[in-house]
Amino acid sequence: MSFRLGELAELVGGRVEGDPDRRVESVRTLENAGPEDLSFVTNPKYRRQAAQSRAGALLTASPIAGLDKDFLLADEPYYALARLMGVLYPRERLTPGVHSTAMVEDGSEVDAEAYIGPYAVVRAGAEIGAGAELHSHVVVGRGCVVGRDSVLYASVVLYPGSIVGERCILHAGVVVGSDGFGYAVHEGNHVKLEHGGRVVIEDDVEIGSNSTVDRALLGETRIGAGSKIDNLVQVAHNVRLGQGCLLVSQSGVAGSSRLGDGVVLAGQAGVAGHLRLGDGVQVVAKTAVFKSVDAGHTVAGIPAVDVGAWRRQQALVGRLNEMKKRLESLEARAAATDTEDEGDG
Amino acid sequence: MSFRLGELAELVGGRVEGDPDRRVESVRTLENAGPEDLSFVTNPKYRRQAAQSRAGALLTASPIAGLDKDFLLADEPYYALARLMGVLYPRERLTPGVHSTAMVEDGSEVDAEAYIGPYAVVRAGAEIGAGAELHSHVVVGRGCVVGRDSVLYASVVLYPGSIVGERCILHAGVVVGSDGFGYAVHEGNHVKLEHGGRVVIEDDVEIGSNSTVDRALLGETRIGAGSKIDNLVQVAHNVRLGQGCLLVSQSGVAGSSRLGDGVVLAGQAGVAGHLRLGDGVQVVAKTAVFKSVDAGHTVAGIPAVDVGAWRRQQALVGRLNEMKKRLESLEARAAATDTEDEGDG
Amino acid sequence: MSFRLGELAELVGGRVEGDPDRRVESVRTLENAGPEDLSFVTNPKYRRQAAQSRAGALLTASPIAGLDKDFLLADEPYYALARLMGVLYPRERLTPGVHSTAMVEDGSEVDAEAYIGPYAVVRAGAEIGAGAELHSHVVVGRGCVVGRDSVLYASVVLYPGSIVGERCILHAGVVVGSDGFGYAVHEGNHVKLEHGGRVVIEDDVEIGSNSTVDRALLGETRIGAGSKIDNLVQVAHNVRLGQGCLLVSQSGVAGSSRLGDGVVLAGQAGVAGHLRLGDGVQVVAKTAVFKSVDAGHTVAGIPAVDVGAWRRQQALVGRLNEMKKRLESLEARAAATDTEDEGDG
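Sequence order for the protein chains is A, B and C. Just so you know, we're using the working numbering here: the first sequence kicks off at 1 and counts up by one. Just so you know, we're using the working numbering here: the second sequence kicks off at 346 and counts up by one. Just so you know, we're using the working numbering here: the third sequence kicks off at 691 and counts up by one.
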């Protein structure tokens, strides 16, 4: 690639401070960029690192004083970076068609503009929309729907009846629609509850590699539009995620819990079953949520409490030794007073 | 579907209080059920929700006063629900036979009543029992055994020598028999220990999507009969689970630990290596078990302690600020006494 | 198998104390070994168990007094065991060649000494080295490299451009090179950052079943030579692991963090993003690392602190009830003094 800086500014809706004719060969990290490269500072805390970068040009919100570089300025520099990445690294679109080794059953509907890769399996009653891509070894069960322009990477498995919206991305190894973990105890045995529900994934959802979403016992497990799920995340039966939720890697949501819109679970966080997390709730990494949380709150800890309370608790736990010593000092003083009193007596 | 309520009562061994001729179109959640539907209250804490449900009929342990509904009563309502689900949503059984694209090696034994799906691989020396189902892309390594009526969903991988009992269900992406994580350090390098053992999964075990069970270094990793394992669970080399254990999603058991019968690991719990958990031990979600636990105990916390102790600890941690203030108050008082004493002097 | 004990001693560079002509039929655990078997005590804490073992011979560092057994002595007994396992359970090497059902695209380079299994997919521009093995359903994307003697077990997926060194082992279901979890928020939506980087896995790396390694946004996600990664581990975009790291099951490293050489993450530990962990850092199981850690330190807790401090904290938390009582006792005493004072007044 080779672009004029001014040209990139136009592509991302930004403006140049410096030389708009500067050639940009590549976008690189601050550490790896050279004079021919554009780098970026989307978080002010990396400004110091920017000063040490050899990058010829910087994408940032405002010029950084004292740096002899050209700037590509954008009000939302991280969003500008996203637009730039889309231009420089456009996702490869596969040529539509059904690979000769794929197994598409009669009674399924595969749009002529869809791509069905090697050894993929599309069962009867499934519908695959225009522009959808099913990579190698994908399995789409009976009665599933994969919406327009959705991409299922290698080895994704959709159990029967699963619904995937438009423009979704399911990374390799994702499993959608397996049975929820539900058993009735009878005479000491665990008797399986057959699951009659399904999974619905709304539009613009991305799910990371090897994550799992279980079908509902009855009704639906539902992932709201625009939600993004990282790798190795568990979404249990009957869970409902609102729109625009973020579930970071190795987090999990237990059965029947409901997350509002814009809820964020940081890495390795867990939400117990049958809870409600209101809109905009944020859960700190490694937190265990055992109670419902009202909208707008941020929680942390095991069990989860308000993040402010958690920080104060942690600080106090860190001062426990000091408290113990102060307690001992008071006790010693009291003992001394006793002795004095006895001496007085 | 359409059933008489009385007919459903017979199917699940219950009885009707109200109109046995009421037509039931479907089973739905309290929230989604309408007048034509049966819903259920298997936990008394949902009785209030039941009052707001539009369900025409309710499966429950005892009639709920003041509700104008027909009741299907069962002593074990959750078990009755399980039986009902089995009737209403029977698992689809696939027509026996080997799919034309499957690769079944010479020297394997596949029962005529087994189903081998598209692109499945069955290696020499493997045995597949009657009624077993191997879905698309399943791999059964050399010398493996899959017992009668066991189902391996898409992309399950059995490494060579793995044994799966009868009536087991392995969900998509499960890996059984990969090498355990064992290395000897020599001159600063980690030297792999080749694993000569295997995995044995006893009868009636279910394992959730993308979970992993490693082979033993020597001997066996063993999952006891009737144990149920959720999604994304790790069972390390040489682990032994007793009968009827429950391992909830994202929990893990490290090498060589032994769990008795009926042990429950809640979500994201972990058990360190070389421990013993007695029969009936319960481990609260997110707990880290670093020591063996005697039969019948419930443990929580990091590190795990008895759940009662953990609750008291957590309550005390929540009161640390109050304790600090009381300590300060005593100190202030002591300082005042000092001043008084000095004033006296 | 049947070996003379003296012969085994030679194979592992050890020596016999006892009868070098003793026949060894198998290597078994202390519990399972019989008089014909060799067992091992690589950790002194199992010496008591050794006394109860029926094993005829024991591999250990030094003779155990009072045991009527023959000894195979080695300075590094665990390393000797690793060598022994390699002899007794050598990894099966598959006959080179491309399986008739595999799909190897034109424009890829597959060494004549490589094995490409059933239904495997090798895309254009990929290179597969001599002695490499791609098991069933493996997908190697465009432009990937798999080095000499590396083994990719069933259903491993390499996204385009991924590099795997020599003598690596990737267990079933591993996904390498999926997009990192990166979005820019714009007008309330999460806009995907297309990822232009790649994953580089250096030589002698082993990765456990269903683990995931994401590609970098720009540049590389890199796994240093000799590092070993267990099952269900997450390595996020732009992460760099040094040489000889150990990441135990269900641990995870968030984006852009850098681990030095020989870093150990125990099970279910997590490292937040943009951190640095120096050489030799050890992270206790279930720990959440929120700050960078200097070389050589061992950390524990949520949030992580030095392991010594964590142990003291935990001990103090366990004594909180006692502290509370002591505080109450001082308060009662103070109140009594008040009363006395009042009585005096």
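Derived from the structure by calculation, the hints contain no laboratory data. It is possible that part of the hints are untrue.
As the list claims (entries may be wrong) - In silico negatives: residues of chain B with every beta carbon more than 12 Å from chain C: (1) Glu362; (2) Val443; (3) Arg468; (4) Asp494; (5) Phe526; (6) Gly618; (7) His619; (8) Gly641; (9) Arg664; (10) Glu667.
Said to hold, decoys possible - Once the Cα atoms are required to be at most 25 Å apart in a straight line, the calculated DSS-like pairs of lysine-lysine come out as: (11) C:Lys1015 - A:Lys324; (12) A:Lys325 - B:Lys537; (13) B:Lys669 - A:Lys325; (14) B:Lys669 - C:Lys1015; (15) B:Lys669 - A:Lys324; (16) A:Lys325 - C:Lys735; (17) C:Lys882 - A:Lys325; (18) B:Lys670 - A:Lys324; (19) A:Lys324 - C:Lys1014; (20) A:Lys45 - C:Lys981; (21) B:Lys390 - A:Lys291; (22) C:Lys1014 - B:Lys670; (23) B:Lys636 - C:Lys735; (24) A:Lys192 - B:Lys390; (25) C:Lys1015 - B:Lys670; (26) A:Lys45 - C:Lys882; (27) C:Lys882 - B:Lys669; (28) B:Lys537 - C:Lys735.
To be verified - Some chain A residues close to chain B (C-beta under 7 Å, calculated; not the full set): (29) Thr95; (30) Gly97; (31) Met103; (32) Val121; (33) Val139; (34) Ala184; (35) Leu218; (36) Ala315.
The C-beta atom is built at its ideal place from N, Cα and C for all residues, glycine as well.
Now for the hints, and whether the structure bears them out:
The Cβ of Glu362 of chain B lies farther than 12 Å from every Cβ of chain C, with a closest approach of about 48 Å, so its non-interface assignment holds. With a least CB separation of 14 Å from chain C, Val443 of chain B remains clear of the 12 Å interface cut-off, as annotated. Annotated as non-interface, Arg468 of chain B brings its C-beta within 12 Å of a C-beta of chain C; the closest such distance is 9 Å. Under the 12 Å C-beta cut-off, the non-interface status given to Asp494 of chain B relative to chain C holds; the minimum distance is some 24 Å.
Its closest Cβ contact with chain C, about 4 Å, brings Phe526 of chain B to no more than 12 Å, contrary to its assignment away from the interface. The non-interface label for Gly618 of chain B is inconsistent with chain C: the shortest C-beta to C-beta separation is roughly 9 Å, within 12 Å. Not every Cβ of chain C is farther than 12 Å from the Cβ of His619 of chain B; the closest lies at roughly 9 Å, contradicting the non-interface assignment. With 12 Å as the threshold on Cβ separation, the claim that Gly641 of chain B sits away from chain C holds: the shortest Cβ distance comes to roughly 22 Å.
With a closest Cβ-Cβ approach of about 8 Å to chain C, Arg664 of chain B is found to fall inside the 12 Å limit, against its non-interface label. With a least CB separation of 10 Å from chain C, Glu667 of chain B falls inside the 12 Å interface cut-off, contrary to its annotation. About 12 Å separates the Cα atoms of Lys1015 of chain C and Lys324 of chain A, which keeps this hinted pair within 25 Å; it holds. Proposed proximity of Lys325 of chain A and Lys537 of chain B is contradicted: the alpha carbons are some 49 Å apart, above 25 Å.
A C-alpha spacing of about 12 Å is found between Lys669 of chain B and Lys325 of chain A, which places the hinted pair at or below 25 Å, so the restraint holds. For the proposed pair Lys669 of chain B and Lys1015 of chain C, the alpha carbon gap of about 13 Å is at most 25 Å, so the pair holds. Simply put, Lys669 of chain B and Lys324 of chain A have alpha-carbon atoms about 10 Å apart, close enough for the 25 Å limit, and the pair holds. Of the supplied pair hints, the one linking Lys325 of chain A and Lys735 of chain C is violated, its CA atoms being roughly 37 Å apart against a limit of 25 Å.
For the proposed pair Lys882 of chain C and Lys325 of chain A, the alpha carbon gap of about 53 Å is over 25 Å, so the pair is violated. Pair hint Lys670 of chain B plus Lys324 of chain A holds up; C-alpha atoms about 13 Å apart against a cutoff of 25 Å. Taking the CA atoms of Lys324 of chain A and Lys1014 of chain C, the gap is about 10 Å. The hint holds against a cut of 25 Å. Between Lys45 of chain A and Lys981 of chain C the CA atoms are separated by roughly 15 Å; this keeps the pair inside 25 Å, and the hint holds.
Using a Cα cut-off of 25 Å, the hinted pair Lys390 of chain B and Lys291 of chain A holds, with the two alpha carbons roughly 15 Å apart. With a CA separation close to 12 Å, the supplied pair Lys1014 of chain C and Lys670 of chain B stays within the 25 Å bound. In summary, the hint linking Lys636 of chain B to Lys735 of chain C is supported, as the alpha carbons are separated by about 15 Å, within the 25 Å threshold. Straight-line distance between C-alpha atoms of Lys192 of chain A and Lys390 of chain B comes to about 23 Å, which keeps the hinted pair within the 25 Å bound.
Annotation: proposed proximity of Lys1015 of chain C to Lys670 of chain B holds, straight-line Cα distance about 15 Å (limit 25 Å). A C-alpha spacing of about 23 Å is found between Lys45 of chain A and Lys882 of chain C, which places the hinted pair at or below 25 Å, so the restraint holds. Note on Lys882 of chain C and Lys669 of chain B: the hinted pairing is violated, with a Cα-Cα distance of about 48 Å set against a maximum of 25 Å. A hinted pair counts as satisfied when its Cα atoms are at most 25 Å apart, and Lys537 of chain B with Lys735 of chain C qualifies at roughly 23 Å.
The closest approach between the C-beta of Thr95 of chain A and any C-beta of chain B is roughly 22 Å, which is over the 7 Å cut-off, so the hint fails. Interface restraint check for Gly97 of chain A: the shortest CB-CB distance to chain B comes to about 19 Å, outside 7 Å, so the restraint is violated. Interface hint at Met103 of chain A: satisfied, since its Cβ lies 5 Å from the closest Cβ of chain B, which is below the 7 Å cut-off. Interface hint at Val121 of chain A: satisfied, since its Cβ lies 5 Å from the closest Cβ of chain B, which is below the 7 Å cut-off.
For Val139 of chain A, the shortest C-beta to C-beta distance to chain B is roughly 5 Å, which falls under 7 Å, so the interface hint holds. With 7 Å as the threshold, the beta carbon of Ala184 of chain A comes within range of chain B, its nearest partner Cβ sitting at about 4 Å, so the hint holds. Annotation: Leu218 of chain A was flagged as interfacial toward chain B, and the flag holds, the nearest CB pair being 6 Å apart, inside 7 Å. Hint status for Ala315 of chain A: violated, given a least beta-carbon distance of 9 Å to chain B, over 7 Å.
In the structure shown, a violation is registered for the earlier hints numbered 3, 5, 6, 7, 9, 10, 12, 16, 17, 27, 29, 30 and 36, in ascending order.
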